[in-house]
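The listed protein sequences derive, respectively, from chains A and B.
Under the working numbering, the first residue of the first sequence carries the number 7, and numbering increases by one thereafter.
Under the working numbering, the first residue of the second sequence carries the number 7, and numbering increases by one thereafter.
No lab work stands behind these hints: they were computed from the structure.
There may be inaccurate statements among the hints.
Copies of the same chain look alike in the list, so a pair counts if it works inside one copy or between any two.
Unchecked claim - Distance condition first, Cα-Cα at most 25 Å in a straight line; then the derived PhoX-like pairs of lysine-lysine:
1) Lys15 to Lys171
2) Lys172 to Lys15
3) Lys180 to Lys25
4) Lys25 to Lys48
5) Lys241 to Lys48
6) Lys175 to Lys15
7) Lys182 to Lys40
Treat the numbers as computed from the prediction; the structure is a model and nothing was measured.
Given next are the chains, with one letter for each unit.
Number of protein chains: 2
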Amino acid sequence: MIKVFTTKKDFDHYRNALKSEKIGLVPTMGNLHKGHISLIEKSTEENDVTIVTIFVNPKQFGPNEDFDKYPRTLDEDLAKISAMALLISAQKEIAVFAPGSNEEIYPQGFSTTISVGPMTQKFEGSVRPTHFDGVTTVVYRLFTITRAHIAYFGQKDVQQCLIIKKMVKDLDIKIKIHIMPIVRNAEGLALSSRNQYLSESERAEALTLPQTLVKIEKLIRTKQDYKTFVSDVLKNDKRWDYLEILDSDNMEAPSAKTQELVIVAAFRSGTTRLLDNILVPVHAG
Amino acid sequence: MIKVFTTKKDFDHYRNALKSEKIGLVPTMGNLHKGHISLIEKSTEENDVTIVTIFVNPKQFGPNEDFDKYPRTLDEDLAKISAMALLISAQKEIAVFAPGSNEEIYPQGFSTTISVGPMTQKFEGSVRPTHFDGVTTVVYRLFTITRAHIAYFGQKDVQQCLIIKKMVKDLDIKIKIHIMPIVRNAEGLALSSRNQYLSESERAEALTLPQTLVKIEKLIRTKQDYKTFVSDVLKNDKRWDYLEILDSDNMEAPSAKTQELVIVAAFRSGTTRLLDNILVPVHAG
């Protein structure tokens with residue numbers, strides 16, 4: 007049995023009644039796939055109460071982006087969470103906050119933006135200049151509304167993860183951020199709500215993305231020249247928006263201090279832009 | 007006896023030892039005058055502990071503004087607060103947090119900005135486009151660091167007051183904002199650290215600012231035509247950056263819902279830009 011709230015007022019009433027329970031938050035835009043479910047599962051393991059939010063946040067979509075088209079599948083989402091809830095300990099609770107309107111999150115007249123600065127303007131930010139300000143602003147709101155102790159995010163949106171960690175650090179927000187591994191389908195494609203935009207042939211094409219990242223990972227792990235490979239890929243294939251090897255801690259060029267690399271990419275299959283990344287420890291043998 | 011802290015570490019240690027005391031915050035950039043002292047006094051009346059912060063915030067100065075020139079007078083400031091502390095109840099405590107470097111407030115790598123949006127771009131914001139983002143960001147930091155229950159601001163910077171109130175509302179920050187009346191010298195000039203930039207003749211000229219506001223207040227209170235007067239003033243005297251009568255709640259044009267007007271102005275005397283305002287209830291007789 008899960009509890010579902012569609013107004014902030016009802017959610018607040020529920021939240022205020024919680025006492026010393028340890029609370030995990032899984033913020034989502036709905037259209038849940040196994041990646042989301044893995045976050046919810048982890049949160050139920052680590053917390054007494056798991057709050058799943060389902061909110062398609064208008065602030066993180068640019069004027070010409072897919073806000074209207076973004077899949078809204080609340081009934082299916084609730085069914086998936088309910089099915090999962092049957093498998094967990096009876097002591098654990100799952101509450102879903104799925105605001106019925108934008109005003110539940112952004113009351114009339116709301117005008118404030120939180121921006122973590124330069125790192126929001128690179129990679130995804132270079133093509134979506136206000137996207138991450140929208141993400142940090144909604145995540146701040148969700149942190150405030152839920153007063154959760156831990157929040158769970160997927161490594162798939164690695165830049166988003168780093169930006170949220172930066173906001174939490176700079177603003178001294180009292181919450182832990184847990185980043186969970188990417189969940190992939192049998193062929194290796196990272197799960198994403200946007201995969202459903204792909205035609206059959208585009209879906210096949212899209213496998214170039216994970217396959218290329220795996221290839222680079224192998225080159226790095228075996229200490230071969232990955233740089234020439236990457237520059238050849240970028241030269242010969244215009245479907246890549248970017249493909250870079252960076253320090254996973256700050257998405258800057260790797261330095262002597264780098265502990266872990268991230269191979270990060272955005273790739274266009276048809277009109278759909280897909281993201282993926284792989285982490286590689288620097289001293290991988 | 008006042009307590010003085012120059013590092014966040016020492017201040018945190020002090021703050022963490024406070025238990026159920028009611029805490030007031032008076033954020034300042036130092037160079038204290040009677041306006042600031044009136045805020046500190048009010049806070050000591052209403053709280054067990056008053057925290058005065060003294061920090062010339064680099065983020066609220068534009069590249070060509072007076073950050074370097076801004077008067078830094080810590081010894082005199084501490085002497086004034088100490089003198090005041092002698093006059094208050096022995097049960098009341100005053101702590102001063104005067105960070106010795108910018109890193110105490112903005113640790114290495116800090117990059118986050120809080121912006122409350124359109125109202126930061128009008129009036130003072132139109133000539134100082136990043137000023138209010140700097141103000142809200144430092145005030146947020148000070149709220150977080152001090153965990154105060156009430157913060158005191160002067161009505162002189164009326165736009166700043168409204169912007170801070172807006173941030174607190176939008177971000178659901180658990181603090182009360184008290185706005186205290188403008189303190190003036192015998193001739194009517196609103197006290198400001200920037201007044202000391204004025205030569206004797208500029209100081210005399212500067213009185214045009216409060217005198218014009220008082221004249222407009224009288225026209226409003228006696229239900230005479232103030233609009234023609236204001237437009238004549240602006241037409242004939244280029245020293246006014248702006249002079250407007252607005253709804254004091256949002257600094258928009260007055261509407262049928264307006265409860266209180268604010269006559270708000272920026273005036274240049276020599277190279278110094280001075281601010282002033284007067285509040286007028288709408289149903290003033």
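Here's how the hints hold up against the structure:
1. Lys15 to Lys171: between (28 Å within a copy, 22 Å between copies)
2. Lys172 to Lys15: Between. Shortest inter-copy distance 21 Å satisfies the 25 Å Cα cut-off; intra-copy 30 Å does not.
3. Lys180 to Lys25: For lysine 180 and lysine 25, the Cα distance is within 25 Å both inside one copy (17 Å) and across copies (19 Å).
4. Lys25 to Lys48: within (21 Å within a copy, 35 Å between copies)
5. Lys241 to Lys48: Neither: 41 Å inside a chain and 67 Å across chains, both beyond 25 Å.
6. Lys175 to Lys15: between (29 Å within a copy, 16 Å between copies)
7. Lys182 to Lys40: The answer is within: 22 Å in one copy meets 25 Å, while 44 Å across copies does not.
The structure shown violates just one earlier hint, number 5.
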